[in-house]
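Could you build the full structure based on these sequences and the hints that come with them?
Residue strings, one per chain:
2 protein chains.
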Amino acid sequence: MSSLYVPPPKCLEKRFVAPQRHMFGPGPSNVPPRILAAGAEPVIGHMHPEMFEIMSDIRSGIQYAFQTRNKVTLAVSGTGHAAMECAIFNAVEPGEDVLMAVNGIWGERAAEIAERIGARVNTIRTPAGSCFTNEDINQALARHKPCVVLFTHGESSTGVLHPLDGIGDICHRHNCLFVVDCVASMGGAPLYMDTQGIDILYTGSQKVLNAPPGTAPISFSERAWQKVFNRKTKPVSFFLDMSSHNIPGLENSWCRHQEVAEYFHEGLENMGLRLFVKDKNVRLPTVTTIVAPPGYDWKEITSYIMKNHKLEISGGLGPSVGQVLRVGLMGCNSSKASVDMVLEALKDALKHCHKSRV
Amino acid sequence: MSSLYVPPPKCLEKRFVAPQRHMFGPGPSNVPPRILAAGAEPVIGHMHPEMFEIMSDIRSGIQYAFQTRNKVTLAVSGTGHAAMECAIFNAVEPGEDVLMAVNGIWGERAAEIAERIGARVNTIRTPAGSCFTNEDINQALARHKPCVVLFTHGESSTGVLHPLDGIGDICHRHNCLFVVDCVASMGGAPLYMDTQGIDILYTGSQKVLNAPPGTAPISFSERAWQKVFNRKTKPVSFFLDMSSHNIPGLENSWCRHQEVAEYFHEGLENMGLRLFVKDKNVRLPTVTTIVAPPGYDWKEITSYIMKNHKLEISGGLGPSVGQVLRVGLMGCNSSKASVDMVLEALKDALKHCHKSRV
Chain A
1 MSSLYVPPPK CLEKRFVAPQ RHMFGPGPSN VPPRILAAGA EPVIGHMHPE MFEIMSDIRS
61 GIQYAFQTRN KVTLAVSGTG HAAMECAIFN AVEPGEDVLM AVNGIWGERA AEIAERIGAR
121 VNTIRTPAGS CFTNEDINQA LARHKPCVVL FTHGESSTGV LHPLDGIGDI CHRHNCLFVV
181 DCVASMGGAP LYMDTQGIDI LYTGSQKVLN APPGTAPISF SERAWQKVFN RKTKPVSFFL
241 DMSSHNIPGL ENSWCRHQEV AEYFHEGLEN MGLRLFVKDK NVRLPTVTTI VAPPGYDWKE
301 ITSYIMKNHK LEISGGLGPS VGQVLRVGLM GCNSSKASVD MVLEALKDAL KHCHKSRV
Chain B
1 MSSLYVPPPK CLEKRFVAPQ RHMFGPGPSN VPPRILAAGA EPVIGHMHPE MFEIMSDIRS
61 GIQYAFQTRN KVTLAVSGTG HAAMECAIFN AVEPGEDVLM AVNGIWGERA AEIAERIGAR
121 VNTIRTPAGS CFTNEDINQA LARHKPCVVL FTHGESSTGV LHPLDGIGDI CHRHNCLFVV
181 DCVASMGGAP LYMDTQGIDI LYTGSQKVLN APPGTAPISF SERAWQKVFN RKTKPVSFFL
241 DMSSHNIPGL ENSWCRHQEV AEYFHEGLEN MGLRLFVKDK NVRLPTVTTI VAPPGYDWKE
301 ITSYIMKNHK LEISGGLGPS VGQVLRVGLM GCNSSKASVD MVLEALKDAL KHCHKSRV
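Protein chains in written order, with full-length UniProt numbering: chain A, 1 to 358; chain B, 1 to 358.
Incorrect hints may appear among the rest.
Heads up, the list lumps identical chains together, so a pair's fine if it works in one copy or across two of them.
[Said to hold, decoys possible] Below are the BS3-like pairs computed for lysine-lysine, each with C-alpha atoms no more than 27 Å apart in a straight line:
1) K10 with K71
2) K71 with K14
3) K355 with K307
4) K336 with K278
5) K310 with K14
6) K307 with K14
7) K347 with K280
Treat the hints as calculated values from the structure; they're not laboratory data.
Listed below in structure tokens is the structure:
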């Protein structure tokens with residue numbers, strides 16, 4: 001156990017404490033106690049039944065805040081920058097013309113992002129602190145014939161709230177999607193996604209919403225969704241591809257995971273179950289793959305255990321679908337007590353689940 | 001105030017409560033109370049002095065967990081998928097050859113991500129539940145001559161812990177970067193980034209680290225960094241580009257922000273300060289831009305206010321750099337009491353900061 005090359009840093013022993021401040025800059029803003037407390041609720045799995053209700057509530061809340069009835073409305077697991085990339089990556093294909101309305105840093109940023117994915121980027125510019133007229137916009141659309149135009153509703157670098165009325169109609173007459181960045185304005189200034197004809201709208205969580213950064217609301221109109229759905233090329237990012245919408249004691253920790261895994265594997269074999277990975281030396285100590293017990297429906301087993309033991313284990317993934325049960329025992333869950341719970345739950349499930357044949 | 005098209009959903013009235021579960025699937029795992037409590041600490045700004053210490057502590061912790069002394073070690077503001085894209089987007093340029101070692105779903109995923117950015121993707125494959133030998137790897141590198149090879153240390157879809165010893169040396173003999181995905185294994189199985197010659201290593205927060213998803217540790221070796229630094233093309237994602245390393249009452253909320261902003265603007269003008277946006281109708285109610293007071297150093301003003309009033313306001317951004325002060329009053333900070341605090345702080349700063357000329 002003396003082979004650790006980098007020793008544990010002293011800072012790991014500190015309790016994390018952040019100071020109280022009045023956050024009156026352009027963001028992040030203060031997170032009130034109610035939202036901080038929600039963040040301290042337990043983490044549950046992305047496939048747990050409650051998660052579907054949570055996702056649905058998040059959608060309803062964003063639909064309300066954006067004033068839209070769009071079905072494709074969600075929070076991206078990322079920052080406002082990730083939402084901007086999500087909008088542009090999904091709406092624009094390489095070689096297509098886009099028009100970026102630049103009256104501050106966020107229009108510049110959108111232009112840079114579109115350039116990186118190989119779009120033909122056109123810009124209109126106005127001096128810092130001023131706005132475009134609808135006639136400016138109409139003329140620019142007639143000249144550049146873009147398939148996507150992007151405006152910044154709240155331009156936090158200059159303090160401008162850009163008027164949006166009428167731009168949606170102009171864009172649609174020119175057969176173009178109207179994309180709006182409302183990171184700095186949403187909730188603090190009137191915005192009506194549907195009635196203003198906005199096709200893609202996104203914001204961040206750390207501004208008027210007063211939540212920690214890291215989730216970014218976004219919504220796509222039916223018109224936008226048709227373009228995303230009928231793309232010829234895949235978006236550059238898998239992570240942001242909307243079409244898939246259908247430390248204390250490191251060595252001790254390694255050792256404990258290994259010991260607990262071996263204890264678990266022995267218990268499984270004593271129950272008559274078989275391990276999917278035959279070679280002991282290459283068994284992952286954090287996730288154990290068990291050959292699905294012959295004669296049983298593996299889904300019935302995982303559902304039974306969730307329902308009767310409030311304990312999540314799962315089926316296979318990719319090449320192991322239908323062939324295995326997977327049990328993850330990680331970090332604080334890597335203990336013999338946890339193993340005993342899983343073994344008990346499995347024994348109980350094998351006794352009570354339906355067995356089709358011997 | 002009767003113009004709201006989408007009414008507030010009932011779910012906004014619910015208090016958010018998540019159930020307690022034993023999270024024994026392949027992740028997310030349980031988040032222990034100490035970590036949940038840290039998440040409930042106040043949010044502070046990304047430019048506050050404490051943030052530099054926090055970022056430095058995070059780096060030390062990751063260096064320890066990864067067993068590396070790499071300077072370029074950080075947590076990506078995103079999920080494990082974002083870290084995988086961060087590794088591939090930065091290390092690989094379009095048209096370059098890469099080799100993906102596929103023994104489960106994560107190798108497939110890495111291949112798909114590299115394809116999307118236009119890399120020439122070569123794969124080696126081994127049946128689910130088994131591993132590659134170092135001789136397999138040596139032969140594949142000789143044949144495909146990739147500039148990057150990616151292995152999954154913990155393949156959670158099959159339960160395999162892939163041996164890593166010796167692969168780094170083989171990669172470096174073939175002038176190739178050795179990238180490793182340790183999302184499902186890090187902290188639960190031995191891993192020595194530097195001594196094993198790993199050039200890019202990344203993981204997720206919701207596995208052995210027992211933290212909520214949304215931050216992803218990643219580290220780049222000097223060899224990897226040289227390749228990233230000397231790229232000919234920009235990475236497709238601005239957000240993940242490492243080279244830039246150096247609801248209740250929506251209409252009421254809109255109204256309140258507007259009223260508070262007007263109250264603030266009046267107070268500023270009464271003090272003799274000027275607003276950057278001359279047309280009242282296009283002033284962003286969430287972020288106010290104030291013409292930097294002539295004769296003062298704006299940085300001295302913001303520093304003075306931070307030090308003496310524990311209150312953050314900031315200077316300009318992009319086109320407004322050096323010309324303005326920016327004050328954001330958003331969500332719970334949008335109140336006349338907050339405005340009064342800012343006005344007091346500004347008055348105090350103008351009295352005590354150095355004035356170079358009249």
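*Between the shortest in-copy and the shortest cross-copy C-alpha distance, which are at most 27 Å for K71 and K14: within, between, both, or neither?*
between (45 Å within a copy, 22 Å between copies)
*asked:* Cα distance capped at 27 Å. Does K10 pair with K71 within a copy, between copies, both, or neither?
replied: Answer is between; shortest inter-copy Cα gap is 18 Å, intra-copy 49 Å.
*Intra/inter-copy verdict for K310 and K14 if alpha-carbon distance must be at most 27 Å*: between (34 Å within a copy, 24 Å between copies)
*Classify it for me, K355 with K307: is the Cα-Cα distance of at most 27 Å met within a copy, between copies, both or neither?*
Intra 18 Å, inter 70 Å, cutoff 27 Å: intra-copy only.
*asked:* Reference check for the pair K336 and K278, CA-CA at most 27 Å: within, between, both, or neither?
replied: For K336 and K278, the Cα distance is within 27 Å only inside one copy (22 Å; across copies 68 Å).
*asked:* With identical chains, the pair K307 and K14 could be close in the same copy or across copies; at 27 Å between alpha carbons, which is it: within, between, both, or neither?
replied: between (39 Å within a copy, 25 Å between copies)
*Alpha-carbon proximity between K347 and K280, which holds within one copy, between copies, both or neither at 27 Å*: For K347 and K280, only the intra-copy Cα distance (23 Å) is at most 27 Å; the inter-copy one is 71 Å.
Hint compliance for this structure: every hint is met.
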